[in-house]
Amino acid sequence: DTGVSQDPRHKITKRGQNVTFRCDPISEHNRLYWYRQTLGQGPEFLTYFQNEAQLEKSRLLSDRFSAERPKGSFSTLEIQRTEQGDSAMYLCASSSGTGGYEQYFGPGTRLTVT
Amino acid sequence: GQNIDQPTEMTATEGAIVQINCTYQTSGFNGLFWYQQHAGEAPTFLSYNVLDGLEEKGRFSSFLSRSKGYSYLLLKELQMKDSASYLCAVRLSGAGSYQLTFGKGTKLSVIP
Numbered sequence: 001d002t003g004v005s006q007d008p009r010h011k012i013t014k015r016g017q018n019v020t021f022r023c024d025p026i027s028e029h030n031r032l033y034w035y036r037q038t039l040g041q042g043p044e045f046l047t048y049f050q051n052e053a054q055l056e057k058s059r060l061l062s063d064r065f066s067a068e069r070p071k072g073s074f075s076t077l078e079i080q081r082t083e084q085g086d087s088a089m090y091l092c093a094s095s096s097g098t099g100g101y102e103q104y105f106g107p108g109t110r111l112t113v114t
Numbered sequence: 001g002q003n004i005d006q007p008t009e010m011t012a013t014e015g016a017i018v019q020i021n022c023t024y025q026t027s028g029f030n031g032l033f034w035y036q037q038h039a040g041e042a043p044t045f046l047s048y049n050v051l052d053g054l055e056e057k058g059r060f061s062s063f064l065s066r067s068k069g070y071s072y073l074l075l076k077e078l079q080m081k082d083s084a085s086y087l088c089a090v091r092l093s094g095a096g097s098y099q100l101t102f103g104k105g106t107k108l109s110v111i112p
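Listed in order, the protein sequences are those of chains A and B.
Sequential numbering of the first sequence, starting at 1, is according to our numbering.
Sequential numbering of the second sequence, starting at 1, is according to our numbering.
To give an idea of the chain B side of the interface with chain A (calculated C-beta under 7 Å), a few residues:
1. A42
2. P43
3. F102
4. G105
To be clear about the criterion: a stretch of chain B counts as covered by chain A if any three or more of its residues have a C-beta under 8 Å from a C-beta of chain A, and this derived list gives those stretches:
5. 44-55
6. 79-93
These are computed hints drawn from the structure, not numbers from a lab.
In this text, a Cβ means the ideal position worked out from N, Cα and C, and glycines have one as well.
Chain B with its partners taken away, still in its complex shape:
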């Protein structure tokens, strides 16, 4: 089976930096996605990593280590609007390579 783990909840202060970790054990791997989901809304795409290393996009960065089955999402200069759930999702290889397998999400609360 596929296993994707992320912390259930995190709290951070406005203006700070927060790192949300994701570990995965999957039968095949073809890339890792991060999505943001505000309560009651659809997930929105944040980043896609397929090679090891750090991808930076504005205040958000995502890191991948394929050998360790590990990724993190780094959010800098936190704003109140960043309060949301952050979903880690793996794209498998072979059969099923177009579907995404999601973790349960990490609910981030940004406090003043």
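Bound-form chain A, shown alone:
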């Protein structure tokens, strides 16, 4: 069990560019979540997948944001036409489909939009 991994760990981009982040959950976990965290705040929910199905989306997830989990394993989060307000830590978490509801977080991708 290698834990949740995310790539890249850091991304600096210019306003207006598109960025894509990847998350690999714990291998036997069928639930995957994306959160966004800014300094001094707790993580804010963005979206949730069960296997390949995207079941919940936050109102925070504007049309510029899209997430996929094509084969029910890894997931990608894309932000189009980035804005300075998108600068944040993007956290991915996964949980098991059976048993407890605890979510296990990856190390995050820190996005800086200049």
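Starting from the known structure of chain A, fit chain B onto it as the hints suggest.
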């Protein structure tokens, strides 16, 4: 809307006991989590309470009162490595029951 309150900062002495409180007002409730987050790192799971009462796990204990919308995290025999932010998170019921709604976190500083 959902409202989860915790103190912003706390300071405690190495070897002491500290209690971090969390109050919540949410539309539905299906359990409360505590996470620890060191600066620049991901949150790590500490505890999960769904029924009233105290759950003890080593130096950490967590308490829940559903009728009062209240929880606390108790840290005993504080160590310097316990300096971190502690996040209270609620799992809602019904639609949205898999996502967690977090408070802003309590930054704990442990001093010698």
